[in-house]
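A.B. asks: Starting from the known structure of chain A, fit chain B onto it as the hints suggest.
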Amino acid sequence: MMTQSRAFRLALLTSAAVIVASCGGSGSNSSSPPPPPASANAVTMSVDGGPLDANSMPQGTINQAYVTINVCVPGTSTCQKIDHVWVDTGSVGLRLFASTFTSQLPTETQGSNPVANCIQFVSSSYMWGAMRTADVTIGGKSASAMPIQIVNDTAVPSTAPSACGGTAISTVGGLGANGLLGLAYFQQDCGLACQNAATAPFYYTCPGGTCSAVAMPMTMQNQNVAGLFSSDNNGVLVQMQSLPNGTASTASGSLIFGINTQSNNQLGSAGVFAADPTSGFIQTSTTYGDLSEPESYVDSGTNFWQFNSSLTPCSGTNNVGFYCPAMTTALSATMLPYNSPLNTTRFAFNFSIADISTLTGNAMNNVGGPSVSPCGSGTNPPCTFAWGLPFFYGRNVFFALEGTTINGNTGPFVAASVP
Amino acid sequence: MHGLFQRSLRSGCLVAAVLAPGIALAALGGDASTVERDVTQLKAQRAVTATTAYSVHELQMVGGTRVREYVTPANKVFAVVWKGPSIPDLRELLGTYYPRFSKAAQALGRTRRPVAVEDSDLVIRTGGHLRSFFGMAYLPGQMPQGVTLDQIR
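Chains as they are written, first to last, in numbering that gives the first Met the number 0: chain A, 0 to 418; chain B, 0 to 152.
By construction, these hints were calculated from the structure, which means they are not laboratory data. As the structure is a prediction and not an experimental result, all values here were calculated from the model. Be careful, since some hints might not be right.
Partial list, computed: chain A residues near chain B (C-beta under 7 Å) [claimed, not checked]:
1. S123
2. A183
3. T301
4. T383
From the derived model, a few chain A residues whose C-beta atoms are all more than 10 Å from chain B [as the list claims (entries may be wrong)]:
5. G74
6. F228
7. C313
8. T327
All C-beta atoms, glycine included, are put in the ideal place defined by N, C-alpha and C.
Okay, chain A solo, but in the shape it has when bound:
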């Protein structure tokens, strides 16, 4: 599963290092990195190419933002710092790879059988592993005995049920990270459906090596750590530096917990876009491509602007699925709440798309690629605009948890500072 990213990386390394100016299209309002977090509710984020591989070389990830976390056996000082945990506002839960350390964490069980979990991603990939509990500290914030997923855990069978999906993400290289920190605006990865009934493909027990779906109490499911803290627990703010040149070898920022709870996480004049409480989707409208994208989302785990347009797709085998326009192209997309037009909030964000084959660096605000096409309201599938990590550079992006109310706005919602 590394083929594409290697090819992608190769193209970057061998290209003629032409850096295309971004036409100032990102709507950035500051050219200096934000100051390093000094507050208890904040931790430094970095986009730096990822963890080192076996040859001490970075994985070469693009637009993957990481934090370092501290994980402990519950109630003890047996702990491990884990760097390069990927900040993902598109999933829920903390997912790590098995190690001698993680084998000391208590398993979650049902009827004395360890519980296993599966999470699906749109790319038909999945993560499969055992459920354990850990004390998790991020910056100065801690959650006690939080359920987490351990991939490659020998407490459960190594092979996932067929229903999980196609491609197992089971290595640091496959994920491009030492772990995944899911901070989407839901509190659990599955929620009430999995508490009410044995629901495939989420939670399983595997007596005798045969896995069957089991119902799972909400408190035992994978949790959004942001909702577990004793304070600053109504959501997160992702604050990445701007990229005035469009690209950079590295970029830094802050992951800040809470919204409107401290001086460093104020919504201020940010636009607030209500998300569908069931699906999590917001809407997007464009004057090109699909015109209306009712099933859109803001996702730090998607590493490019993903939308349909007439921009030239890259040719050849490198950079398949990305745009390679002859000239860097300035565009705009309007973000709308899920309940538009009843809810009249809207804002047009500017950005630009460059020829990815000419870019270098691990951080880029100007890379894009097509979404599912064709799509439309009269046919399947519906249209999508995915606001990936490039959207986050130079901007405050808030994710308010379901069930919260902040400044009169009901979660779940995404909010973004407007230029």
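C.D. replies: Frame of chain A, contents of chain B only:
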């Protein structure tokens, strides 16, 4: 068809389930042949609607994901669509076409993006994110005459 059905039982999967007494759904391109099964045993709610051009077999999975299979009068599945909190087991739903989907998925590497196949004989489009996925697959050469894509939803 029997092989498919047995496989689904072995894996504990409910996707390729019986939708009506005496009718089991097949994978894309397969036959919807007759099998004696009890719907309630499969924990799936079913509904079958039929026009002269095709019938639609709708399966409501536990957890809320909805699968619809479109079947020709000659009992061939020519399209499958899904929508809901999880991606259904596409090995079951796509059957012999699954390897082509899988190849397209693996070509994505670690980039998070929807899987798509756009061939003359097979079209697959997918999308979504945590708690809300959707997708469709159909066989352009096996669409009954007069049936258009916007009827497949």
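A.B. asks: Next, verify each hint and record whether it holds.
C.D. replies: Status of each hint after checking the structure:
1. Proximity of S123(A) to chain B holds as hinted, the smallest CB-CB distance being about 4 Å (cut-off 7 Å).
2. Of the supplied interface hints, the one on A183(A) holds, with its beta-carbon coming within about 6 Å of a beta-carbon of chain B, less than 7 Å.
3. This hint holds: T301(A) has a C-beta 5 Å from the nearest C-beta of chain B, less than the 7 Å allowed.
4. With a least beta-carbon distance of about 5 Å to chain B, the hint placing T383(A) at the interface is held under the 7 Å criterion.
5. The Cβ of G74(A) lies farther than 10 Å from every Cβ of chain B, with a closest approach of about 30 Å, so its non-interface assignment holds.
6. For F228(A), the non-interface assignment is confirmed: its Cβ lies about 21 Å from the closest Cβ of chain B, beyond the 10 Å cut-off.
7. Every Cβ of chain B is farther than 10 Å from the Cβ of C313(A); the closest lies at roughly 13 Å, confirming the non-interface assignment.
8. Taking the minimum C-beta to C-beta distance to chain B, about 21 Å, the non-interface status of T327(A) holds against the 10 Å cut.
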